[in-house]
Structures are given as structure tokens and as C-alpha cells.
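**Q** Line by line, the protein sequences give chains A and B. Take the first sequence: its position 64, counted from the start at 1, is 66 in our numbering, and no numbers get skipped. Take the second sequence: its position 282, counted from the start at 1, is 294 in our numbering, and no numbers get skipped.
Keep in mind that the hints are not guaranteed to be accurate.
Going by beta-carbon spacing under 7 Å, a handful of chain A positions derived as facing chain B [as the list claims (entries may be wrong)]:
(1) Phe33
(2) Arg86
(3) Gly92
(4) Ala93
(5) Ile96
(6) Ile101
(7) Ile103
(8) Leu104
(9) Gln107
(10) Thr110
(11) Met111
(12) Gly114
(13) Leu221
(14) Glu262
(15) Ala263
(16) Tyr266
To be clear about the criterion: a stretch of chain A counts as covered by chain B if any three or more of its residues have a C-beta under 8 Å from a C-beta of chain B, and this derived list gives those stretches [to be verified]:
(17) 73 to 85
(18) 223 to 233
These aren't lab readings, by the way, just hints derived from the structure by calculation. Glycine included, every Cβ here is placed at the ideal spot set by N, Cα and C.
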Amino acid sequence: MQIIINGLIAGLAVAQLALAFQVVYLPTGVFFVGLASLYVVAPYIYSAVQRLGMAWQLCATISIAVVVSIALLFEILNHAPLTRKGASGGAHLISSLGIYILLVQVITMTWGNNTMALRPEVHAVYHFAGSVVADSQVIMTVAAGALLLGFLAMLHTTALGLHLRALADNPTQFALYGYNVSTFRLIAFGLSGLLAATASLLTAYDIGYTPNGGLPTVLLAVVAVIIGGRTSFFGPIIGGLLLGFVRAEVVWQFSARWQEAFTYAILALFLLSRPRGIFSRTTRIEEID
Amino acid sequence: MGYLIHLLIYFDIYAIVALSLNLLVGYAGLLTFAHAGYFAVGAYTYALLSVVGGFGVRPASLVAVLIAAFLSLAISLPSWRLKGDFFILVSLSVQTFFFSLYYNWTKAGAPLGSWSNLTNGPFGITNIPKPAILGFRITDPGHFLVFATCIALLCAFVCWRLQASPWGRLLISMREDELACRGLGKNTRLLKVQTLALSSAFVAMAGTIYAAYAGYVDPTSSSLEEGILMLSMVLVGGVGNLRGPIVGALLLTAFPEMLRFLHFPDAQASNIRLAFYGLLLVLMMHLRPQGLSGNYRMK
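So that you can see chain A by itself, here it is in the shape it has in the complex:
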């Protein structure tokens, strides 16, 4: 039971970040590695505001607002100009990675390289079905679960969700219908920033944060996207949860240091047996990327 709970909690964080990646990738086609820098920045902004003596609600709101603004700047200053120039997907990825490297180095030079915690006191624990659960894990489960369900509900019941799905399905046709693609691209980046900031703050509250934690976590999220299905908004959530369970099981059976090896072994297994992921649709050969 403890493994299932640990897996669920770890999986929810991965699922959130996988969805943050997918919400940009599907509508815009941009491989948003810069997401890693949004993930890194959030807790540093939170703790900087916290030092001014503000309440946690205000700290979280300001941190999320700053991260969403950075996400929008990523689109306005980097990806939109590259798209206008007709740049390749590789150029988007490399420039996004370049900005990530730049931001991480600025953070390291400003706040140092050490692992930090969002709160100094020890977590309170609860006993549930023979398992031990920390209060931070309860907060993570409730908040991440609500956010993921809320996002899926938005996607399937609101006009914005319909527009995002339409943009993801066929951007050219979407533009021909007279919709402003640039606006919806901005919204996609903003939503990605929101999901990344909450995932980061919840994880930082639970286990702490470090300037170099962004890229490995985003890589994990991309593995979840590949496993779950690259053409679906729902697939990455399932992929994230599956990865969470597997990684918790590896910690239990072997050691935490073998988590990465097992993660990429699963990725290899999926690439060889089901390369389009769990929730995939059949594609024509010329569509395969």
C-alpha cells in the first residue's frame, strides 16, 4: 500500500509536468524544453517573496504569476519569432535549451547551488491503511489531482478547450477559420507555465528544490508523454502515473539510484513495442515523426 501511495504521489507530479509539456507541444508543435527553467524558477521566486514576510497564498500567487509571465516571454521573444522565420523544430528545441541553461546559471549565481526547502519545519504525518503519509503529500495529491481534473474538464467542456484541441488537430485549418493562432499559442504557453509552477511548488514543498533539478524532471515528463501517447492530452497523465508507480517499486525492490536506469529501460521497451504510446491513433506513414 505504501508503494502505491508513494507511486501515486510521485506520478501526479510527473503527470502535471507531462501535461504542461503536452499543452504546448500539441497545439504549437514546439518542443518546450524551456519548461525546465519554469520548473526551476518557481520555488526561488516563492522563497524570495516569503523572505519579505508575505503570507503563503500571496507567495504562491506571485510565484505562479512570475512563472506564467516568463512562459509568455518564451513565446513572445523566442518561439514566435522563430516560427515566423519558419525555423525547424530542432531550432526551437536548441534555443529553448539555451535559455534554460542561461536561466539556471543566473539562478545558481544568485541563490547558490545547494538543495533548499520551502519550509524549515518537519512534516506532520498521518497513518492511512497501514501506510505513513506526510501532510505535504496529502496537499500534493489533493492540489495536483484537482488541477489535472480541472484541466481535463476545461479541455472537454469549454470553448477554450475546444479551440486548443482544434489548434492541436490542424493549425492551418484553425487559422483559415479566422481564429488568431498567436493568441491561442500564448494561452497554451501560459497554461503550461501555470501547470509547471504548481508542480514545482508542490514538489519543492514536499522534497525541496535545486537549480539543476529542472531538466531531469522535464525529461521524465517527456518519457511519460512518449509512454502515454504523443497525440493525446490524456495519455501523458496516465504515462506520468505509470512512471510514478514503477519508480516507487524500483526504490522498494532495488535502490533509488537505479530509478533512472529503469525509467529509460521502460522507455526503450515502449519504443520497440508500442512507439506511439498507450493512447495513440493510427497515422499515415508520412505523418510519422
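Fit chain B to the given chain A structure using the hints.
**A** Structure of chain B alone, referenced to chain A:
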């Protein structure tokens, strides 16, 4: 003079790395971050064989190159089914996997080179002997520079002949349109396996020279920063010819040394260097995606 020789040896090593990466990025159109992992395969294999097995430089290098070529399957098999961004991310995963192995394959008390302590973890492998050729041990840095330059020139010659061969033209055709290439009856899967094996073998050779020169290897030689540095060399210098990677290797080997003259604090020098690489990548993608001296604009 000793300092200049040291820099030139590093330039030779990175020139081999950039030329091997050029085969992938510039000719096969496969952008990869896993090169640092294969560089370390060469360095670790050479270190283990020479320190534990007592092998000479030629058999140790040969085994290192063969192992790296075989392990390139870890990246060439996914390349059959993944292209573009997802292939790049798989290469990043392979790099992370390699780093994880080098960092974790250790056990306190177990002898170095045994199954439970193959890499000595974060402490790395020390006291790697200098190479000996025809009974002459290369301990003098000047002699080592001649040795490294000869290997680099040999690699450049092989790359030059490969790019001018029918095989090289087939690579370019696959880069331009893989579907059309397959339609003409060409086996692009085999071509990818061959290219990645060859490129990994070259970079492993660079790894063996590095291990032999530094006398020490640890997991940082396969870190993500190294992978980014290697890719920056070809993206900044340009790909699709022999000139671009050499220009990139020269610039990015010289740049950290220029920082010394700007008197940045030692603690922040590596951060500033990495921040500069990041900025350079962004600027190149926006202003000159084909690199300073390249023929091919990355797709």
C-alpha cells in the same frame, strides 16, 4: 609554452569530437546529446583496461572503440522509429542513463574493475598510465601533442574520405528526405546504425586520448554540460563540411581561457561559461542557424 601545448591537446581532442558529431548532425541529420556518454565509454574502457588489465594503448583503444560502436545501438535503434525532437530527447535520456551508470556502478570495498565496482562511482579512475608506442612512453606534453594531432588528422582524413564517398552522398540523401531515400530501395535503418557506430567509435577514440592525457576520468566527463559543449561546437561552428566543426572546436576551446583574462571569480567562472554557451545557442538559432562556417541549415 606548456600552457599553449595543453590547450592544443584539448583542441585536438575536441576537434575529433566535433568531427564525429558532424557526421551525425551535418550529414545524417541526427541531432544528439548522447555524445558525451560515448566519449566517456572510450575514456572509461581505456582507463579500466590499462589500469586493471595492463593493456597497451593500441589494444585498449581498439576495445574502447568497438565497445562504443556496439553501445551506439542504444541510440541507433530508437532512431529507426523516432525523428526530430523526440529523437533528441531520447539521446538526452541515453546520456542521462550513461551518467547514471558511471556515477552509480560502484560498491565500497569492492576492487576496481570487478562487476560490482566497474567505474568507482563519483571518485572516478586515477593513475591512468601514459600511452607507450613502440616501446616509447609518451610522458612529455610536446610529444603527446604530436600523438594527439596525428590521431586528429587521421580522423579528419577518414571523415573527409567518407563525406566524399558514395556512402557520404547516401547519408546526405537520407538527411534531405528519408522517405524518398527508402523509396529508392536504400536501407536507411542500416545507414543510421553504421553512422552512429562510426561516430561513437570516433568520439570514443577522443575519450581514450583524453583519459591517457589527463590520467584521470570521472563521471563529469559524460555530464550534460559536456554534451551541451560538444553540441555547441558543431552548432556554433557549423555542420555539413569539415571546416565548421574545426572552427567550433577552436572557438569553444579558446573561450574558457579568455575568461581567465577577464578576472571573473573562480567560483562563478564555470557558471558564466555555461551561461555563455546557452546565450550562444539562442543567438545562433535566431541569427545564423547554419553556424559560422557551415553548409547545412539544421532541420
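**Q** Which of the numbered hints are not met once you compare them with the structure shown?
**A** Numbers 2, 12, in rising order.
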